[in-house]
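Asker: Single-letter residue listing:
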Amino acid sequence: MKKILTIVLLLSLSIHSCTKLQPKPPKDEEILDGPVEGLSYEEQVQFLKGDIAFNDDIFTVETGLGPLFVSTSCGSCHAGDGKGHPFTTLTRFGQHDSTGNKFLHLGGPQLQNRAIPGYIPEQIPSGATYSKIIPPANTGLGYLEAVTDADILALADPDDINGDGISGRPNWTIPATYLDIPVNSISNNGKYIGRFGKKAAAFNLLHQTVLAYNQDMGITSIYEPYDTYDQLEKDPEVGNQTIHDVVFYLQTLKTPRQRNTDNENVEEGKRLFIQSDCAKCHIPELKTGYSKIEALSFKTFHPYTDMLLHDMGEGLDDGYTEGSALSSEWRTPALWGMGLSKNSQGGTYYLLHDGRATSIHQAIMLHGGEATSSRNKYSSLSIEQRNQIEKFLESL
Amino acid sequence: MKLVLLTSFIVLLSCPCFSQIDSTLLRQAPANSSDTLLNMDAVYNRPFLSIGRLPVSLGGYVEANWQHLGTDGVTEGHQFQMRRFTLFVASTIYDRLKFLSEVEFEDGTKEINIEFAALDMEFHPLLNMRGGIILNPIGAFNQNHDGPKWEFIDRPISSTQMLPATWSNVGFGIYGKQSKQDFMFAYEAYLTNGFNDKIINNSEGRTSLSAAKENEERFEENFNGLPLVTLKAAVSHSKVAEIGLSYMGGVYNKFEEDGLLLNKKYRVDVFAVDMNTVIKITGTYINTEFALIHVEIPPTYSQQYGSRQYGGFLDIVQPFYKKPILGFNESILNISCRLEYVDWNMARFKETNTNIANHVYAIVPSISWRISSETVLRLNYRYQWQADLLGNPYSKTAGFQAGFSSYF
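Chains as they are written, first to last, in this note's numbering: chain A, 1 to 396; chain B, 1 to 408.
Watch out, some of these pointers could steer you wrong.
Unchecked claim - The list that follows gives simulated cross-link-like pairs (lysine to aspartate or glutamate, EDC-like), each with its CA atoms no further than 20 Å apart:
(1) B:K239 x B:D182
(2) A:K377 x A:E268
(3) A:K49 x A:E237
(4) A:K299 x A:D151
(5) A:K20 x B:D72
(6) B:K396 x A:E29
(7) A:K20 x B:E76
(8) B:K149 x B:D41
(9) A:K24 x B:D388
(10) A:K342 x A:D354
(11) A:K342 x B:D388
(12) A:K49 x B:E204
(13) A:K24 x B:E296
(14) B:K213 x B:E351
(15) A:K254 x B:D72
(16) A:K342 x B:D72
(17) A:K254 x A:E62
(18) A:K191 x A:D157
(19) A:K132 x B:E351
(20) A:K342 x B:E351
(21) B:K396 x A:D33
(22) B:K396 x A:D28
(23) A:K299 x A:D149
(24) A:K49 x B:E76
(25) B:K396 x A:D230
(26) A:K27 x B:D72
(27) B:K396 x A:D56
(28) A:K24 x B:D72
(29) B:K213 x A:E62
(30) B:K254 x A:D28
(31) B:K350 x A:D354
Stated by the list, open to error - Facing chain B, a subset of chain A residues (Cβ under 10 Å, in silico):
(32) I31
(33) E62
(34) T63
(35) S73
(36) H85
(37) K254
(38) G346
Hints were generated in silico from the structure; no laboratory data involved.
No experiment lies behind these values; they were computed from the predicted model shown.
Using N, Cα and C, we set each Cβ at its ideal position, and we do this for glycine too.
Full structure from sequences and hints, please.
Answerer: Encoded structure:
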């Protein structure tokens, strides 16, 4: 009888404790994925569908992969919705001036450096310049998309009228014909502000998403129907609903939450960051305008970017460009989530546009051009003060 | 309709009912517990029922379980699963001429497979011919996988997701066995239909031999026309252990069709070693199997599909109570533990020269009650660590599983 009771007790205990002996969820501020607060039930369902399509759908030859590709799924470039790894670095090729890519007929702008069996991957054409690009984090993209053009332009100072040596400007692009232009968008001779991509060449998240399907995975859609292998129009290999689910997922991924805000070093680091004029481009606070997604409408958030192009100097000039950006110009990357980057990059930082910097210090010291003055201010700080800035950046 | 229901109810109430019927028509031939058996004998080493004068013997096993697992704080809650329902049909057609088959329903009717359906002809103990749908004898688990023989609800990761568990193909081959004093030597050699390019073109996002099982055409058509070679040698000593060495290899891609060359040939080669023993003094049963896989990958394909994989498991089973329980006179309580590991991609990134992580390891303690040699109730706790390709923080899965597995 005792044995029976023991067995029953063991079973009861195991059922009772089934959740207590399971791994605890990571703290919300320790991860980048998860939805923004305030989504309705229907929106949560769509978020979930987008999450699955983004992170779980791995393309095969039968489902449209390639023939030329870089990656087999969205998630493999953005592990945990964080920054990418050199393994999934993208290579874009073209020319150094902003007169339009002359190598589109040779497979540009993106190099597909992998191919399904039986096919030969692309090579960079003779005469083309190129730049390598580390996939960015996906966090908070919906907020960046919802910032009004007027607010972005208010931060621009293309002629450096204030004389601070910083002259941010938008990348004026011609949106693809399949994109809806929001009502309050501001036009500049038929061009509109690009927001996404290292050079802000993508107009919105739909644009960015269908380009990634097409150029990263060789997946055609109703929006981007031309195969990267033979440039022939193909049947869609991903459905519209899936694309819209993925776009919704990207729009509604939460913003990273800053950690250790009470830490004295973090507080002092933030003060030094602002004092060194880093915050003139890495703007701490922005706000959204109206968004169809209520949870994103009229919100204040802290991305540490101005979404503008800045000349970063010769050291970061790869001789390649997109849209109206110059080859030395890069869109200010959002710094939020930087401290969690290592958790998606295999335990090592790969920072700047091509991941060449493996520490925050290195990344700052590689700033040039308009950021030269800030870099010099940083380098003139004591080691302790520099560490405080790094602590602050790691808290983001 | 009401009348029918009422009548049925009355009939049911009026019937003298027993919860189980022990029909005298059913005669059970228990499994052979002789220590001269090897893993290769597993297809015959099962309890069968002979029914009257029916020329065939029937058997099978069933396993079902409950589980509650969570990954990084997210759980799918309570899951009740009917993992397998397997039927055996065997017949001695003539002296030394036998037919045996195994049909398996997995996860309800989600997967229905003929795992084994072969004719065995014995010309000499060292020369038997086997033809039909056979289980390729790579490792031991693929041959000896019946649920009631194991103390764990989940099959080993290395045997299911790395090596394809119950990997069977149409083919022919020979096998033989010879004993001398305490030693037993055995061999197997088969040519069968082979793998296909699902190995590196699958939705797993990694090299996966088990993905080749998705090709249901393999029982009818060889994917590339070249045979898969499977070889195994095993030696056992009745007082020491059984050790098996096995190899399976062939070309996995379609390199030619309609006389046109489509690609170069790419090979898959698998090497496995298995061992099982009982430590006589303590009665501890140890069972282990490790395998190394080498797959030729086109150099221009993604590195996420690794060219080398390695993994295996170690089961330690300790009986600690052998007395009747609740009237089941053959009861044995076992405490066990499984340790398992698989490296899905033994390589380094070309871009950074850092290790490609993509591995999993797990520990599974277990308590099981063997009601008889043919029926086991199991309570498992699994804790598993999974690293992604880049080596980011482990995804952790853990939870309880409880269920039964029984021959019938």
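Asker: For every hint, state whether the structure bears it out.
Answerer: How the hints compare with the structure:
1. B:K239 x B:D182: Judged against 20 Å, a Cα distance of about 7 Å means the pair holds.
2. A:K377 x A:E268: 15 Å, holds
3. A:K49 x A:E237: 17 Å, holds
4. A:K299 x A:D151: Cα-Cα ~13 Å, so holds.
5. A:K20 x B:D72: 12 Å, holds
6. B:K396 x A:E29: Roughly 18 Å between the alpha carbons, so the hint for B:K396 and A:E29 holds.
7. A:K20 x B:E76: Since the Cα atoms of A:K20 and B:E76 sit roughly 15 Å apart, the hinted pair holds (cutoff 20 Å).
8. B:K149 x B:D41: At roughly 13 Å apart (the allowed maximum being 20 Å), B:D41 and B:K149 satisfy the hint.
9. A:K24 x B:D388: Given pair A:K24, B:D388 holds - Cα atoms ~19 Å apart, limit 20 Å.
10. A:K342 x A:D354: 15 Å, holds
11. A:K342 x B:D388: Within the cut-off at roughly 13 Å; holds.
12. A:K49 x B:E204: 19 Å, holds
13. A:K24 x B:E296: 40 Å, violated
14. B:K213 x B:E351: 33 Å, violated
15. A:K254 x B:D72: 18 Å, holds
16. A:K342 x B:D72: 18 Å, holds
17. A:K254 x A:E62: 33 Å, violated
18. A:K191 x A:D157: Given pair A:K191, A:D157 holds - Cα atoms ~18 Å apart, limit 20 Å.
19. A:K132 x B:E351: At roughly 12 Å apart (the allowed maximum being 20 Å), B:E351 and A:K132 satisfy the hint.
20. A:K342 x B:E351: 17 Å, holds
21. B:K396 x A:D33: Judged against 20 Å, a Cα distance of about 17 Å means the pair holds.
22. B:K396 x A:D28: Status holds; Cα separation ~16 Å.
23. A:K299 x A:D149: 15 Å, holds
24. A:K49 x B:E76: With a Cα-Cα distance of about 17 Å, the restraint between A:K49 and B:E76 holds, given a limit of 20 Å.
25. B:K396 x A:D230: 43 Å, violated
26. A:K27 x B:D72: Holds: A:K27 and B:D72 sit about 10 Å apart, inside 20 Å.
27. B:K396 x A:D56: 18 Å, holds
28. A:K24 x B:D72: Given pair A:K24, B:D72 holds - Cα atoms ~6 Å apart, limit 20 Å.
29. B:K213 x A:E62: Between B:K213 and A:E62 the Cα gap is close to 16 Å, so the pair holds against 20 Å.
30. B:K254 x A:D28: 48 Å, violated
31. B:K350 x A:D354: This hinted pair holds, its Cα atoms lying about 16 Å apart.
32. I31: Status holds, d = 9 Å.
33. E62: 8 Å, holds
34. T63: Given a least distance of 8 Å, the restraint on A:T63 holds.
35. S73: Nearest chain B Cβ about 6 Å off; hint holds.
36. H85: 5 Å, holds
37. K254: At about 16 Å, which exceeds the 10 Å cut-off, the nearest Cβ of chain B leaves the hint on A:K254 violated.
38. G346: Holds: closest Cβ of chain B sits about 4 Å from A:G346, inside 10 Å.
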